[in-house]
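So the sequence lines, in the order shown, correspond to chains A and B. Counting the first sequence from 1 gives a position; my numbering is that position plus 239. Counting the second sequence from 1 gives a position; my numbering is that position plus 18.
It is possible that part of the hints are untrue.
[Stated by the list, open to error] Straight-line distance between alpha carbons at most 30 Å, and here's what the computed DSS-like set of lysine-lysine pairs gives:
1) B/Lys117 <-> A/Lys960
2) B/Lys84 <-> A/Lys944
3) A/Lys944 <-> B/Lys39
4) A/Lys1147 <-> B/Lys117
5) A/Lys1140 <-> B/Lys117
[To be verified] Beyond 12 Å from chain B on every Cβ pair, some chain A residues (computed):
6) Asp337
7) Asp611
8) Gly682
9) Arg799
10) Asp961
11) Glu996
12) Leu997
13) Ala1055
14) Gly1146
15) Thr1151
16) Asp1154
17) Pro1185
Treat the hints as calculated values from the structure; they're not laboratory data. All residues carry an ideal CB built from backbone N, CA and C; glycine is no exception.
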Amino acid sequence: MSQSLKQPNRVREGGRIDRAQTLSFTFNGKQYQGHAGDTLASALLANGVNIVNRSFKYSRPRGIVAAGAEEPNALVQLGSTEAAQVPNVRATQQALFDGLVARSTNGWPNVQRDVMSLVGKLGGQFMPPGFYYKTFMAPASMWMTYEKVIRKGAGLGRSPMERDPDHYDHLNQHCDLLVVGAGPAGLSAALTAARSGARVILCDEQEEMGGSLLDSREQLDGQPAHHWVEGVVSELAQMANVTLLPRTTANGYHDHHFVTLHERRTEHLGETAPLTDGQRPSRSRMHRVRAGQVLLATGAHERPLVYGNNDVPGNMTAGAVSTYIRRYGVVPGNKLVLSTTNDYAYRAALDWLDAGREVVAIVDARKAPEGDLVEQARVRGVRIIEGAAVLEAKGSDRVTGARVATIDAETFKVTGSSDTLSCDTIASSGGYSPAIHLASHTGARPTWNDEILGFVPSLVKGVHAAGSVRGFHQLADGLANGCSAAAEALSALGFAATPVELPQVNTYRQGAACALYQVPHEKPTLRGPKQFVDMQNDVTAAAIELATREGFESIEHVKRYTAMGFGTDQGKLGNINGMAIAARCLGKTIPEVGTTVFRPNYTPVTFGAIVGRHCRDLFDPERYTAMHQWHVEQGAEFEDVGQWKRPWYFPRTVNGKTESMHDAVARECLAVRQGVGILDASTLGKIDIQGPDAREFLGRVYTNKWAKLAPGRVRYGLMCKDDGMLMDDGTTSCLGENHFLMTTTTGGAAGVMEWLELWHQTEWPDLQVYFNSVTDHWATITVTGPEARKLLAEITDIDLDRETFKFMDWREGTVADVPARVFRISFTGELSFEINVQANYALHVWKTLFAHGEKYDLTPYGTETMHVLRAEKGLIIAGQETDGSVTPEDLGMQWAVGYDKPFPWIGKRALTRSDTRRVDRKQMVGLMPKDPSVVLEEGAQIVFDPDHAIPMPMVGHVTSSYYSPILESGFALAVIKGGHQRMGEIVYLPMVDGKTHAAEIVSPVFYDPKGERQHV
Amino acid sequence: MLHIYCPYCEELREEEEFHPKGQAHITRPADPDACSDEEWGDYLFFRDNPRGIHHEMWVHAIGCRKFFNVTRNTVTYEILETYPMGEQPRFTAEYPEGKPADQLNDAQQEPSRQEGVHV
């Protein structure tokens, strides 16, 4: 079988492909062949594959329309294995490699015979915007069920269900000038900047640099255009101040010239990164570029015309026809009809003729087209139908004809009788829309340019644009514009621009383009054949007209109602046409209708590239205490507290049976209450505070008094924000007259540190006080329980006598022969010593305690037991009992509020506001469930009257709830309206399962209410 | 992502190193008890939300830990100046091109201020 039979649309020579390298690939289960240099799209066209997908909503057969990022239809699912699945890849942007496997994204059982298309055909007339919501609206509870079925029928691609074998990198880059796009303007700009000595990054999303020059008919200095491209690219490649990034899309402009570039490094080689020397290179890189100046040479997207059945396979943009012929050596059909509004598109017809195939006619919307390209077509004997347009395409799976008639674009009317031309391809061009996406990311609104019939970018300081993106479509203009825009950027950077000698190119006499977007039809838009505006989202001209009739006047509302420009497409082909139709229906101009906002990303970016190395083990840093390895060896279960890994509980394994969490916690709790337990409390935040005004400062940031705290003493403090709500709590010890050690909650450490700095630096810079985080410097070991003193006494030189070393004292000395501070503070209600030693000694001290602790059955306990024990004592945890709306008084802690302190401390004023004085505020109380086996659910809502009609007034909620082994009952802390005055009352907790629990309001101190045990 | 000049480190650094701390130049009343509930409420909760020039407080949280002020255009995100605590801005809604020299006091001429950071 000859090559031409295998690839019927491949021409014998020309293009940038390598015919000597044949590549095999599979599409929808069938084997095909293409060549190195092909995209998947060009290879499919070469093989005569017409239908590449089914449309999103109506399931209509769809073919390839464009040749680049603007392709709306040819979305494929890539991957031969589950792990290699990549959804929604544009076939026009996927380089062909040997063994590529792709499937259409839509279509069941396949794209040729599709079941959903029946729905589209039968229901097509009746599927206006909002169809699914309007049709499946009742009952509301069923929507979730309907949605599952609808999504299956009308979805996009699917994500892989297995782990990605590839990895991805992030790179931070800096440069003087970032040039986006390596077409004529981008290349001349980059060359100017590079020769001037600036550090330049030049990126381009295509496989090769060169942009439009890769398929241009033009000669530069009498040579084919790509010769000039090759010369410039090889010069730039050799310069040390230039970084060339092909296959790299600038996806987002994120303020102050920070641009994210997505470089695809291996996707042209295989479905996963190929192994080299046993190593897998990163599949893609996200370059985070901070540029001095940014130059956008992003080009333009051709707008297709909107006419009846313009989505039948065989309808393409004119520029795509040229690209396939000249760059890929593929003629996507035999008989062409070109429908155009401008001179440029004539190139498609000339290229088609050059490829040896038939041009049936050029249908030009202009009454008397003139210009050099028009002349060239005339000279070659092409039939030109003037003042006319293609009204409608004929055919279903492939174009079979084009119905043509004269029209009046201004009055939107068909003026003559129609004639059907036999053809298999219709190319159309309604002009060129500058690719203004990146410029729009800056927040600057684009402006309409009547001369080029398109929006051009408004530029913020430091951003420049050159070439087609500014409407300079002629090659000579684009080249020159690249140089001058680079010179502007260089001047802003302080470089003198080195002039670049530009190649000689022809300039053409151009006829003016005419403004035509939607082609009129004999029937009203709502009754005629479907005219597609956004093919990816199946949005028609009729849908936009209907939206305006239903009262959607803002283009942003029209967009959301019809879904125009949604999804991966982002309106590259259709947005301007859609706006023009909305403008016509509303009787406005396009600039009056305005444009929708473009947001990053320009094209979809795989999550892998966004995540980079910040996944799996490197997803988030983990912080370990000095005793972490010991906990691991003891089989501890861990809990995440902020970034810390804290032991949650230590299950014991006896006779091969591992304790449940409930049993382990009960055992740990009783060990502390009856013997001695040990806790790794190193994660507590610790801030060293020094300076002559340290004491004064503490008095201002804590609610209670600090004036008289003597060295050697410790005090518990409450910290409020200036709104009077509790923010954090902890103990602070007086280490010396001008020296204190503050502790904070584990999660609040960094926030409290910043809070102290904030007040010192902004309100009280006159105070001499300094803060230093010492959380990681000191490890903290809590030894607690009736036997704690006996155990600690064995290994310390500190006198632990109860009369001289009292509760809320601290002493300095040695523990296990290393320097230590021992604090007699208690978070369990039992006799308790908190030992602080330098972190590098901590494991030694910990192990020494265990060596001596065996006879006391020293029991390690984790955060769960810590929580049960502190809750039995009614001790709060900031962030659990409090939520930013709880005052110290709400917690019953007015004993820790110094209203009579001289300085108006933070939070004081707010505590006298009428709202904070209300008697029916939610106040913290204890709850004892009437059934002691019940452990109430944390967060459960509380009501006074369970028989009240729904909705019941909710009067509070459970903040902490556990089972107490010492009380042999469930118990809870809660906040309840006016709770302090409701001791002994019964409240109710209706649960989702229909049960209602009853509980009695009690004191939050459940155990040892007089607090005797911590003083022994 | 903003590029912010720390007036203490005297370098342009990435936004990731900083924390925003809300509107700048909010002074805590010297005698809170003398404030009415409404005045106290204004101090606590009410902030400007201008379109255009805005003065903000930031902290170089993973740098020098210093607080400072930023004059930023909320439309273009352009940062017009950064300046230490205790100083007054040169660029204001009244003087979007900068206050004339005779309106500036000596403290504002210090080199720690960076103007027109993004040229």
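Consistency of the hints with the structure:
no. : hint                   : verdict
1   : B/Lys117 <-> A/Lys960  : violated, 36 Å
2   : B/Lys84 <-> A/Lys944   : holds, 28 Å
3   : A/Lys944 <-> B/Lys39   : holds, 28 Å
4   : A/Lys1147 <-> B/Lys117 : violated, 39 Å
5   : A/Lys1140 <-> B/Lys117 : violated, 43 Å
6   : Asp337                 : holds, 40 Å
7   : Asp611                 : holds, 43 Å
8   : Gly682                 : violated, 7 Å
9   : Arg799                 : holds, 24 Å
10  : Asp961                 : violated, 6 Å
11  : Glu996                 : violated, 6 Å
12  : Leu997                 : violated, 6 Å
13  : Ala1055                : holds, 35 Å
14  : Gly1146                : violated, 10 Å
15  : Thr1151                : violated, 8 Å
16  : Asp1154                : violated, 9 Å
17  : Pro1185                : holds, 37 Å
Of the numbered hints listed earlier, those contradicted by the structure are 1, 4, 5, 8, 10, 11, 12, 14, 15, 16.
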